[in-house]
Amino acid sequence: MSLSIKHLIGLQGVPKEDILLILDTATTFKEVLDRPIKKVPTLQGKTVVNLFFENSTRTRISFELAEKRLSADALNFSVSTSSVKKGETFKDTIRNIEAMKVDMIVVRHAAAGVPYFLTQISKCNVINAGDGIHEHPTQALLDMYSIREKLGRLDGVKVCIVGDISHSRVALSNIFGLKAVGAEVSVCGPATMIPNFIEQLGVKVYYDIDKAIKENDVLNVLRIQLERKAKEYFPSIREYHRFFGITQERLDKANKETLILHPGPINRGVEISSEVADGMNQVILQQVTNGVAVRMAVLYLLGTQN
Amino acid sequence: MKIKAVIADEIGVNRIITRMSHEIIEKNKGSKNLVLMGMRTRGEFLAKRIKDKIDEIEGTNIPIGILDVTLYRDDFRTRLKQPTVSVSNITFDISEKDIILIDDVLYTGRTIRSALCALMDYGRPATIQLCVLVDRGHRELPITADYVGKNLPTSINEEVKLKMKEIDGEDAIYLTDINE
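Going down the list, the sequences are from chains A and B.
For the first sequence, my numbering assigns the number 251 to the initial residue and increments by one for each residue that follows.
For the second sequence, my numbering assigns the number 489 to the initial residue and increments by one for each residue that follows.
Here chain A stands alone, though its shape is the one from the complex (with noise of 0.2 Å):
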């Protein structure tokens, strides 16, 4: 069994089969992070560029982790300390990197589509850890692995995703990964933050988050993005609270067992209660932990095709 994709770019398009054999394959990585020794030589020999142009901790040292458990040679770019800084255009950059003779590039952009003009100018196997606004699928990955691990199967689970739809690669990737493998996905959120026409992605949309609790099996529950001007659309981060806020008296009030998924950094008291965060229904520090073993079936699974 190997991928019929080359790159991961996003998760639109991918054929259910890649999807469950990544997270088929992240299962037997998840056992490697339960030994002594967390490492394996699997991708020994190879080369992989982390190429950050937005800042990000948990997803860089989650690669980065990913890689070194794998004994592949990492290293880290970040454009703060790069010649990107003295003029040298983006494709320059890439080439520069790629004639020292890498293998694979793990990029994070700010803006959508650098990954896929990556894999139109580089040899090398490209791994999106986000761009822009358009995908994240390694997140989109690791909360699909979560919730199967934790309610067992993916198919016909119904996923709704709360928060600043517009602005969220995470939340598109969910929906094409969910959507592939047979899950029911909605949204949720102010309407502000739901962008038009979604509902042609086969996704329902709700504006009453009691409604979407009591329907859902799964909440991913996203941050609420103040450092990119959240704030403007709506009117007050207390109002959001008492509208959108996942809280434990909301969840009492469904009487059911909802999973909770975030993909973090928490913001304690606006997308979620310091309560729910810390309850009994999150997942959400497994799926850190979780991150890191499917990041290492997708750099196995795409470093070790012929």
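Be aware that one or more of the hints could be misleading.
What the hints assert, rightly or not - Subject to a maximum C-alpha distance of 27 Å in a straight line, what follows is the list of computed DSS-like cross-link-like pairs (lysine-lysine):
hint, chain 1, residue 1, chain 2, residue 2
1, A, 351, A, 289
2, A, 351, B, 569
3, A, 318, B, 569
4, A, 373, A, 256
5, B, 536, A, 280
6, B, 585, A, 288
7, B, 492, B, 649
8, A, 256, B, 569
9, A, 373, B, 569
10, A, 266, B, 569
11, A, 351, A, 318
12, B, 569, A, 289
13, B, 585, B, 517
14, B, 569, A, 280
15, A, 289, B, 585
16, A, 454, A, 506
17, A, 336, A, 373
18, A, 464, A, 429
19, A, 266, A, 280
20, A, 400, A, 506
21, A, 289, A, 400
22, B, 536, B, 653
23, B, 585, A, 280
24, B, 653, B, 490
25, B, 651, B, 492
What the hints assert, rightly or not - Far from chain B, by Cβ distances over 10 Å, these chain A residues were calculated:
hint, residue
26, 337
27, 342
28, 366
29, 416
30, 503
31, 505
32, 517
33, 519
34, 533
Just so you know, the hints here were simulated from the structure itself, not pulled from any lab data.
Every residue, glycine too, gets a C-beta built ideally from N, C-alpha and C.
Fit chain B to the known structure of chain A by using the hints.
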């Protein structure tokens, strides 16, 4: 599958397992410090059979683990097909234990090399002993087995196939032509 020769039938396979189980106990002077490690996939079932036999003789319950060595292989770059990885299942500490590594067929020795590297990542065993049902020769690495069910000189155009009831519905060892 075109069978060139039947090396052992059900009774034969059973006899080999019984003999090897006795040899393991004899060489280790009992089974006190033993753990068994079956290599996916046939080795896993072989290990289970040997465990049952040793437990029956010694009245013990020795630990058994399953080892998947895919991640340690050295042929990722040369193989045409990407191998499917599956999970190792070792629920006990292997440090200071006498490990009996169990596989069906010993051939180039490369799988065993992978297994040795994999085991070292789980701890520091006292000894690792190799037990194989068939040794067919053609070694490419300096590796030899401690317990051999059957020495079977083969040509590289042949293949030795172990069938086990658990997955194949019968117990037997066959010699076949490759590409069959």
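So, going through the hints one by one against the coordinates:
1. 351(A) with 289(A): 24 Å, holds
2. 351(A) with 569(B): 24 Å, holds
3. 318(A) with 569(B): Holds, because 24 Å separates the two Cα atoms, which is no more than 27 Å.
4. 373(A) with 256(A): It holds: about 10 Å lies between the C-alpha atoms, which stays within 27 Å.
5. 536(B) with 280(A): OK: residue 536(B) and residue 280(A) at ~25 Å, within 27 Å.
6. 585(B) with 288(A): Holds, at about 21 Å.
7. 492(B) with 649(B): Given that 27 Å is the threshold and the Cα spacing comes to 11 Å, the pair holds.
8. 256(A) with 569(B): The hint holds at about 15 Å.
9. 373(A) with 569(B): 21 Å, holds
10. 266(A) with 569(B): Measuring from Cα to Cα gives roughly 20 Å; hence the hint holds.
11. 351(A) with 318(A): Status holds; Cα separation ~18 Å.
12. 569(B) with 289(A): 24 Å, holds
13. 585(B) with 517(B): Holds, because 14 Å separates the two Cα atoms, which is no more than 27 Å.
14. 569(B) with 280(A): 23 Å, holds
15. 289(A) with 585(B): 22 Å, holds
16. 454(A) with 506(A): Holds - the C-alpha atoms of residue 506(A) and residue 454(A) are around 21 Å apart, at most 27 Å.
17. 336(A) with 373(A): 25 Å, holds
18. 464(A) with 429(A): Roughly 20 Å separates the two Cα atoms, so the pair holds.
19. 266(A) with 280(A): Holds: residue 266(A) and residue 280(A) sit about 21 Å apart, inside 27 Å.
20. 400(A) with 506(A): Answer holds: residue 400(A) to residue 506(A) is near 15 Å, not above 27 Å.
21. 289(A) with 400(A): Roughly 26 Å between the alpha carbons, so the hint for residue 289(A) and residue 400(A) holds.
22. 536(B) with 653(B): 12 Å, holds
23. 585(B) with 280(A): 25 Å, holds
24. 653(B) with 490(B): 19 Å, holds
25. 651(B) with 492(B): 15 Å, holds
26. 337: Since the minimum Cβ distance to chain B is about 39 Å, residue 337(A) lies beyond 10 Å and the statement holds.
27. 342: 30 Å, holds
28. 366: 24 Å, holds
29. 416: 38 Å, holds
30. 503: 40 Å, holds
31. 505: 37 Å, holds
32. 517: Label holds. Min Cβ-Cβ 36 Å, cutoff 10 Å.
33. 519: Holds, because the least Cβ-Cβ distance between residue 519(A) and chain B comes to about 40 Å, which exceeds 10 Å.
34. 533: 20 Å, holds
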